[in-house]
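Residue numbers (the numbering used here), protein chains in the order written: chain A, 1 to 433; chain B, 1 to 368.
It should be emphasised that the hints constitute simulated quantities derived from the structure, not laboratory data.
Note that the structure is predicted; figures quoted are calculated from it, not measured.
Note that the Cβ used here is the ideal one computed from N, Cα and C, for glycine as well.
Any given hint might turn out to be false.
[As the list claims (entries may be wrong)] Covered, in the sense of this in silico footprint (three residues per stretch, anywhere, with C-beta under 8 Å from a C-beta of chain A), are these stretches of chain B:
{"#": "1", "region": "22 to 33"}
{"#": "2", "region": "43 to 56"}
{"#": "3", "region": "111 to 124"}
{"#": "4", "region": "136 to 144"}
{"#": "5", "region": "181 to 191"}
Listed below, chain by chain, are the residues.
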Amino acid sequence: MCPGEALTAEAPATVPRALLIAEVWAELGSELAPLSNGLGQPLARTVKLLLDPLVLRPVLNPRFAAGQVRGEDAEELRATLRAAGPRLAATAAWFTRLKRARRTLRISEGNPQDLYFQRCFELAGTLGPPGADAERVACEVVAEIRESAGELTVAALRRHITDPARAAELRARLAHAWASRAPVGQPPPDQAALTAALDGVLDRVAGGVDRAALDGLVAGRAGAADAVSLLPPGAALACGLTLRERIEPPALGESASKRNLPPPFDRSVFERLFAGFTSAFHRESMPGLSELVLQEVRRSAEPWQLAREETRVTMALGRRASAALAPGGEAGSDAGARLAARWRREPFVHRALRLPRAEGGGPGESVGRVREAYLRRLWVRVHGRELREEPVAAEDLWDLLDGVLRSVIMDQRDRLRAELDRAGGAATDGGER
Amino acid sequence: MTWTRVRREAGTLWVGAVPDHPEWTALVEAEGAVLTWDVPGGQRLPSAEVHHPERAADWLWQVYGAASEALLAVAEGSEREVELADEGGPLAEPLAALARLGWLAAWWPASHVAGVPALSAALLAAEAAVVAADVEAVLDDPEAVARLLGRAAPAVHALAALADHPELGSEARALSERLAEVADDFGAELPAPAPLVADRGGWALAAGGEPAGGVTAMSGGGPLDWRRLPPGVVDAAAGLRWSLVRRDGRLLLDVAVPRAPLAYAERAGRATLRARADAVEFPLDAAEDGGAFGGAAEVPPSALLVPAPRRTVTVWAPGYAPEDEAPPDGDALAERQEPVLLHAEERLTAGGVSFAERVAALVDPEVA
Numbered sequence: 001m002c003p004g005e006a007l008t009a010e011a012p013a014t015v016p017r018a019l020l021i022a023e024v025w026a027e028l029g030s031e032l033a034p035l036s037n038g039l040g041q042p043l044a045r046t047v048k049l050l051l052d053p054l055v056l057r058p059v060l061n062p063r064f065a066a067g068q069v070r071g072e073d074a075e076e077l078r079a080t081l082r083a084a085g086p087r088l089a090a091t092a093a094w095f096t097r098l099k100r101a102r103r104t105l106r107i108s109e110g111n112p113q114d115l116y117f118q119r120c121f122e123l124a125g126t127l128g129p130p131g132a133d134a135e136r137v138a139c140e141v142v143a144e145i146r147e148s149a150g151e152l153t154v155a156a157l158r159r160h161i162t163d164p165a166r167a168a169e170l171r172a173r174l175a176h177a178w179a180s181r182a183p184v185g186q187p188p189p190d191q192a193a194l195t196a197a198l199d200g201v202l203d204r205v206a207g208g209v210d211r212a213a214l215d216g217l218v219a220g221r222a223g224a225a226d227a228v229s230l231l232p233p234g235a236a237l238a239c240g241l242t243l244r245e246r247i248e249p250p251a252l253g254e255s256a257s258k259r260n261l262p263p264p265f266d267r268s269v270f271e272r273l274f275a276g277f278t279s280a281f282h283r284e285s286m287p288g289l290s291e292l293v294l295q296e297v298r299r300s301a302e303p304w305q306l307a308r309e310e311t312r313v314t315m316a317l318g319r320r321a322s323a324a325l326a327p328g329g330e331a332g333s334d335a336g337a338r339l340a341a342r343w344r345r346e347p348f349v350h351r352a353l354r355l356p357r358a359e360g361g362g363p364g365e366s367v368g369r370v371r372e373a374y375l376r377r378l379w380v381r382v383h384g385r386e387l388r389e390e391p392v393a394a395e396d397l398w399d400l401l402d403g404v405l406r407s408v409i410m411d412q413r414d415r416l417r418a419e420l421d422r423a424g425g426a427a428t429d430g431g432e433r
Numbered sequence: 001m002t003w004t005r006v007r008r009e010a011g012t013l014w015v016g017a018v019p020d021h022p023e024w025t026a027l028v029e030a031e032g033a034v035l036t037w038d039v040p041g042g043q044r045l046p047s048a049e050v051h052h053p054e055r056a057a058d059w060l061w062q063v064y065g066a067a068s069e070a071l072l073a074v075a076e077g078s079e080r081e082v083e084l085a086d087e088g089g090p091l092a093e094p095l096a097a098l099a100r101l102g103w104l105a106a107w108w109p110a111s112h113v114a115g116v117p118a119l120s121a122a123l124l125a126a127e128a129a130v131v132a133a134d135v136e137a138v139l140d141d142p143e144a145v146a147r148l149l150g151r152a153a154p155a156v157h158a159l160a161a162l163a164d165h166p167e168l169g170s171e172a173r174a175l176s177e178r179l180a181e182v183a184d185d186f187g188a189e190l191p192a193p194a195p196l197v198a199d200r201g202g203w204a205l206a207a208g209g210e211p212a213g214g215v216t217a218m219s220g221g222g223p224l225d226w227r228r229l230p231p232g233v234v235d236a237a238a239g240l241r242w243s244l245v246r247r248d249g250r251l252l253l254d255v256a257v258p259r260a261p262l263a264y265a266e267r268a269g270r271a272t273l274r275a276r277a278d279a280v281e282f283p284l285d286a287a288e289d290g291g292a293f294g295g296a297a298e299v300p301p302s303a304l305l306v307p308a309p310r311r312t313v314t315v316w317a318p319g320y321a322p323e324d325e326a327p328p329d330g331d332a333l334a335e336r337q338e339p340v341l342l343h344a345e346e347r348l349t350a351g352g353v354s355f356a357e358r359v360a361a362l363v364d365p366e367v368a
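Taking the hints into account, I'd like the entire structure generated from these sequences.
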């Protein structure tokens, strides 16, 4: 029995979008194979990077959003996909060419789907399917994407920031930015009202965010207001954002190690920018190096040590939603309850995967620490987005808040698994294998 | 067709029942739901905890087929029996395969005693990466394939060594090719295949108890709780052996635990175990020949007053499981472990579902 037929035969009120996509995808045929998985359906990133933002565009066409599509919209969705067929086929052909060029140029950094899908769609739009000069074009594009991901920029940053005259000027600017911060003695915001407003947005965020309420938080500077409560001694420490009792201005810094970065507020200006540089992104979207450093100096003195109010609101929401991850914390909202539920499921998954139990003295994240790890990682993510000038879209907010916890959990599992793999049990001191 | 109990409570949809024990549980974390299968029970369609039904609605039909509509229609606070067609949707099989590969890596009961060969963790990860690439659109973790590829890297050596095997060769070549394609698609780098080096060997059948030397006053055996031991360390069909020995004028409690067999193309790790009994606690180290873990500690003469059946010896892996737990209950453990051993025996007779199982059944690690 084919489930698809059974579902469509009765002309139901709604149809799963993935089913509609799968049907049209099958019609469009084998030219789309490079964008498809082994079962002939679109890859996850085909949907995320191509179909959603460039073809179906649910932000503009909410009727095409993931999940259930109403029966009367199904035909239009099919037609939209079919119309994109030739361009998608050309995109697929370009992707194959770019992957070949990547091998020729011996590039192994990054996920080629993340790096090339959208460029391939652009190429398909401007040049159509690959022609006679496809090899040259593909090599140029791949090389250009590598350049923009910028290994060189870390070296350039170091040169820039360690120039003695410039370093002195930057230190002075840093001191000035911190000295001219808003006085701490400002009237404390109404914490109860702020919490209620955050919970209001968090109650809806997992099912489709209430944009008006979110915009209201930004307009009311709820992110900056929330940051006031980080200032008393020990408050930012309790959130895991610093190891110090009191927040101090960052050093300028001149070195960084990817494996050994301190908590966000303890990072030097160099370390903050370094962390952004090492994740693959398009440097063309960033301002020049000198402006970038000045921005970071100013940013460090702002509430949450972030520059944009939208980003600070994201931190405030994450902080509120993660309250239940700390011992004795209460969820307070739907999003908070969902994060807590993800964390509560972990022991079950953990036992089924036969991973070491963290409370057994193993190397796992201790129970009380998960919220701190969560807030650290959320800060790093939103800081990276500020650097790339890539604001958190309202419809991606839940994926960000939830994805950060998943990422903390997955890293913990990877660590435990690596520990097991290394030792075939618990690690012992000495002894040759 | 199977009738399955479905209820919706506090926004979460529960389909069927979670397996009784972690030892039986294969699972996949999908977007908005955790799917579980009872492996010894031979469950075909998964049970599910659908914690985000709106998200899961996009793919649920691919697992349960047409029945997904009836599942999603169960109202908050109510409970219903829903009829599920056994074949399910198009992703039911690959998802079950992915879950099972994870289960094999965790709970496959490799044992010299029961003649259950060990499975290669790298081959299992390679197979899982290939299957995961087909179902990644419904997985919770967007990096799932990349993670599995990372663990699959050492499999290229085993796959290259098996490429000319008379029975496994074509399958090894196919898996190798597919693994390379998936690695290419997801930007993972696989190492160039290198010839396998024979391990220093010594995987002879474990000796069990009977420590040499001294006069044995009393001896006995006891169960091992798998949940307190990482995968691939102890022989899954064996128990521990203990003996009270008078040696050099001291009364010693000797404990020995047979070691698990090694998988094709894999080396032994350096695990350490600990044992506790008669109010003493001591390490069990792997013997030089790799056959067993053993250790001894001096006990007071009063230890001789405890009758053999009453002596409980607890063995665990420090850093893996906490030590402060009740001593194992042999009957309860047997109830959980027996179905898993039976399942492994059936699988081996049937020829194995995964490539790693077929490799294990056909290739003798001692001659690798």
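Open item on the list: Can you confirm whether chain A covers the region 181 to 191 of chain B, using C-beta to C-beta distances below 8 Å and requiring at least three such residues?
Closed with: With 5 residues closer than 8 Å to chain A, the region 181 to 191 of chain B meets the three-residue bar; holds.
Task: Check of the region 111 to 124 of chain B against chain A for coverage (Cβ-Cβ below 8 Å, three residues minimum) - done: violated (count 1)
Task: Verdict on chain A covering the region 43 to 56 of chain B, criterion of 3 CB contacts below 8 Å - done: Answer holds; 5 residues pass the 8 Å Cβ test.
Task: 8 Å C-beta criterion, at least three residues: is the region 136 to 144 of chain B covered by chain A - done: holds (count 7)
- [ ] Take the region 22 to 33 of chain B, compare each residue's beta carbon with every beta carbon of chain A, and decide whether three or more fall closer than 8 Å.
- [x] Coverage by chain A holds here, the residue count being 5 at a Cβ distance below 8 Å.
Comparing the model with each numbered hint stated earlier shows that hint 3 is the single one that does not hold.
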